[in-house]
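Asks: One line per chain: the protein sequences are A and B, in this order. Residues 17 to 514 (the numbering used here) are what the first sequence spells out, left to right. Residues 4 to 646 (the numbering used here) are what the second sequence spells out, left to right.
I should point out that these hints are in silico values taken from the structure, not numbers from a laboratory. It is possible that some hints are incorrect.
What the hints assert, rightly or not - As a list, the in silico DSBU-like pairs of lysine-lysine whose alpha-carbon atoms are at most 30 angstroms apart:
1) 173(A) - 315(A)
2) 121(B) - 173(B)
3) 394(B) - 565(B)
4) 173(B) - 394(B)
5) 474(A) - 33(B)
6) 622(B) - 610(B)
7) 174(A) - 315(A)
8) 561(B) - 578(B)
9) 401(B) - 548(B)
10) 594(B) - 315(A)
11) 474(A) - 315(A)
12) 385(A) - 33(B)
13) 173(A) - 616(B)
14) 121(B) - 33(B)
15) 30(B) - 385(A)
16) 173(B) - 385(A)
17) 123(A) - 315(A)
18) 173(A) - 610(B)
19) 30(B) - 173(B)
20) 566(B) - 548(B)
21) 173(B) - 33(B)
22) 401(B) - 469(B)
23) 30(B) - 474(A)
24) 578(B) - 315(A)
25) 594(B) - 173(A)
26) 315(A) - 173(B)
27) 174(A) - 610(B)
28) 616(B) - 174(A)
29) 566(B) - 469(B)
30) 578(B) - 565(B)
31) 561(B) - 394(B)
32) 173(B) - 474(A)
33) 174(A) - 594(B)
34) 561(B) - 469(B)
35) 543(B) - 401(B)
36) 469(B) - 543(B)
37) 385(A) - 121(B)
38) 218(A) - 508(A)
39) 126(A) - 37(A)
40) 385(A) - 474(A)
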Amino acid sequence: MNLSFLILIPLLTAIAILVAKGTKQVRTIALAGSVLQLGAVLNLFWQYHVTRANGNNAQMLFEDDYTWFSPLNIHYHIGVDGISVAMILLTSLVVVAGVLVSWAQDKLSKEFFFLLIFLSMGAYGFFISLDLFTLFFFLEVAVIPKFLLIGIWGSGKKEYSAMKLALMLMGGSGFIFIGLLGLYFNTNINGAHSFDLLQIAKVPVPLAVQKIFFPFAFAGFGIFTALFPFHTWVPDGHSSAPTAASMFLAGISMKLGGYGCLRVATYLMPQAAHEYQWIIILLSCIGIIYGAFATMMQKDLKYINAYSSVSHTGFVLFGIGMLTQTAINGAVMQMVSHGLMTALFFAVIGMIYSRTHTRMVDQLGGLLKVIPFISTVFMIAGLTSLGLPGFSGFVAEMTVFMGSWQNPDGWYRIATILACASIVVTAVYILRAAGKTLMGPITDSHYNVLTDANWSEKLASGLLIIAIVAIGIAPFWLTDLIGPGTEAIMNKLMAVTH
Amino acid sequence: MNHYSYIALIPILPLASFLLLGLFGRKYFKAYAGLLGTASLLAVTVLALITAGQYFFEDGKVNGVYQKIIALKYTWLQFAPGVSIDMGIVLDPISVMMLVVVSFVSLMVHIFSLGYMKGEERFATYYAFLSLFTFSMLGLVIATNIFQIYMFWELVGVSSFLLIGYYFDKPSAVAASKKAFIVTRFADLGFLIGILILSFHAQTLDFATLIERLTAPQSSYFMSISTASFLGISVLTWGLALVFMGGAGKSAMFPLHIWLPDAMEGPTPVSALIHAATMVVAGVYLVARLFPIFSTSEAALHLVTYVGLFSAFIAAIIACTQTDIKRVLAYSTMSQIGYMMFALGVAKQGGEEGLGYMGSMFHLFTHAFFKSLLFLGSGAVIHMVHSNEMKDMGGLRKLMPITHISFLIACLAIAGVPPFAGFFSKEEILLAAYHTNKMVYAVGLFTSGLTAFYMFRLYYNIFWSKEAHIHGEHHGEGTLSMKLPLIILGILAVVAGFVPFSHFVTSDGVALETHIDYAFSALPVAFGLAGIALATYLYKTANDKPAAIANSLGGLYKAAYKKFYIDELYLFITKTIIFNLIGRPAAWFDKNVVDGLMNGLAALTAKISEMIKGLQSGKVQSYALYFFGGVLALAAMFLYLWK
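With the sequences and hints as input, model every part of the structure.
Replies: Shown next as structure tokens:
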């Protein structure tokens, strides 16, 4: 199994889009490429499962290692564990759904789909990289297209949002890079500095170094995943972005941050993670509660979902910060769950907006009567968000809660109770949004003639819902998948406490 | 695997019919949706009865003690070694009893709805939601694991939400459905934290293990949870109180009851099923399920007792003043559940002292029949007069004879008149209270008089009093499908009390001998009859006595009519405090302070670059000047350091 296909397929798709002619050809190529990628990823998932079942206990599977730039000892080193496979699976699903909901995109469609596919390539590359430099490289590949996607195809105050998002994420990247250089220059493996994640993990990084560079790496990745108070790019960025870009942004990009916090910051600098644990928990707990309350006051559906993302991704960092295996499992599950759920939510908001030309909850009403399919999808996304059993959100959040409670510190328990309390606030804002939008009398006579979802929209929602329900009713496949990966991280965390 | 595996079909059938009707019902079998749902429920009911027969009469009992049988168990989500959510089926006296009650009442409601909901635009959706509810409720009942019960708990909550909001174009229905969900969600927060606490100390989520570990006084688990304390109260009591909070929310106990009266916005058969017979007793069921643990904490039992008692009493007072017939029934439900709660609170684990436990379960059993009958009967009445208000009713006994007779039977049953079902179960509850706590007994006794009074006030206002003017087309009593459930439930409301319940369901599985003590019964029956007599005097014929009494009570009457302003209090807390004092400032803070800081940082950067951009003027002369200046500075520094 060669993992490079994960980068090659999107790359070839993107090139094919560049030479294609007309919207129809472009979108067909984009869809074909992303479906092919999904198939390949499902095959990867299966191969991974089989290899593990055959007793291969290596930390990373399907590794490949080529020297890229020898003077600085930079490698193209790739490999996956269960956590990466879960993230890759999420990415491929969101990409297919994103292409499907953009089916009607006719403004500069070639550039639009090119950027989407290009962005996804960055995400795949990021999740398979085991060399910190290539990891950083792919992270940047995934950032830049967003600026253009929002600036060109966005709505509202798009220039402002695009700039804000790009600057904040670039700032985050800057922090990350400092953290990575700190690791690089302070490791000495066979007489050379190294960017290699697995090798750095094997040598003890001096505590003083960890203390300096952990905050850079964690905060840098944290900006990507809406760590309070660096979350302000999220509401504006998501709201101005076109539908597919919002889906990518919340579904994939925010996960790059969570993954980085876990894989790079926490895994490589475990002592510092213990040291700064209380700050992580404090900030993420504030993010969870405060994001939820801020959501309650929003009137624009996209702002509602964007602020709720601040609250929901707070659980990711909260789970990581608790430093127990169950909580970290929960954090990873929450990444997958939130990615799927928020992509579905943005997709359905896009469907409503393209029909009613408004996203203001006060102006909407009674949609369940005229567009039942879209309304049901909205309801399912909402119920997932408020953590209804049977959907993915429930299992992820409960795993985080159970894992957090295992940490016996009294203050952290209070934080856990506060985090649990956010599920009530979530119910308030979700039901408020659903009640105003879907139920009640129809507020505008134009709504009587709306048409329900077309085939591509149905397919996109169906795909995401199937994944959400698959986790919701049979979570064991996901926990089995990510278990060994989080265990390796946990072993490292445990090793430093004794 | 044992010969109980077929029980898996009991929840699976309604789930299948939910999926079928939910996904394809609107398009493909709109006409047959009701029949399909009803047929699947009929099968479920038959299976439940078979299970009950097999369990109670064949192999449930070993050496005179009913056993807990785990029919199925699969690990669903593993948190840590030994701590996992399992999906399973447990058979013990209370779960088997609940299986029968839930499936049977659900079947009656399915049949009744065939007539009641006929011609509805979203008929298939209605049956899909009913199936979803039945599935969730059955899953809740057979849970082997505290997290399993929590999951189905949430699912019954959402089915209740969907059914209350069934008429979603009515703003009041939407508001009621939201209220029900959010209030119970708030209570469930307590439940969740309670689970976290109990499971952390017991290192398990499995009911049987949990009970075993937290009831053995010598076990290290019990020691750790009962010696740890928080704010002077043992962690065990905290855990139980929080779990009880979840139960109180679902069972509409004071002060978490405010959602129940509003929930009457849902279609009436739904109220009969969810908000009278099944879901609202889930809280009682939960306490009963964990009863061995509750009985180790005196404080937790007291909490259950007094919350139950106060709810029973205050709801009965409010019920006396309401004019919407469904709201009267809603408050009556709350009051009767209060009885079940305090009966558990006064009980002890095992033997004669477990009488309250048995009485509670017995009352749950009989109440399910007569209360669903009352709701279905009022549904038939509402179907006829197109109104929920008493003022639009009266004299209906001639037009609706079957409804009238069955309603009367149910009223007698709830009033505790022998030989109707409610008499027997209420008797056991009062007896248990009498032996444990006289104050509880006295309030319970007085409340039973109030119960008889408000029920007969309702009865006379509907069927006697003045003659109602029926507007529009006259339906008669509705279809056979509406009459049949009334007749069946009417019969059950008479005979259910004769079931030798104490032989089957007790706190420790050992049969308990109970007998009717006439001397003891005289007083409760007298209170009941007095209540009926007073109602007859005031309401049998239309007159102005009730209005005069209401006037003379003045503020007290008004307070009760306004439900003691508890709703207003909640509204104040949520709208004023949470929205305006937390939500709004949070949103403002985010927009102005946090975001402002970020924008300020950006502006600062821009300003600095504005200031220094003059340096890069592109003029070679200036660059040369800077260069020269730099060299000079370096030279100066160099000279300085050299010295």
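Asks: Of all the hints given earlier, name the ones this structure violates by number, lowest first.
Replies: none
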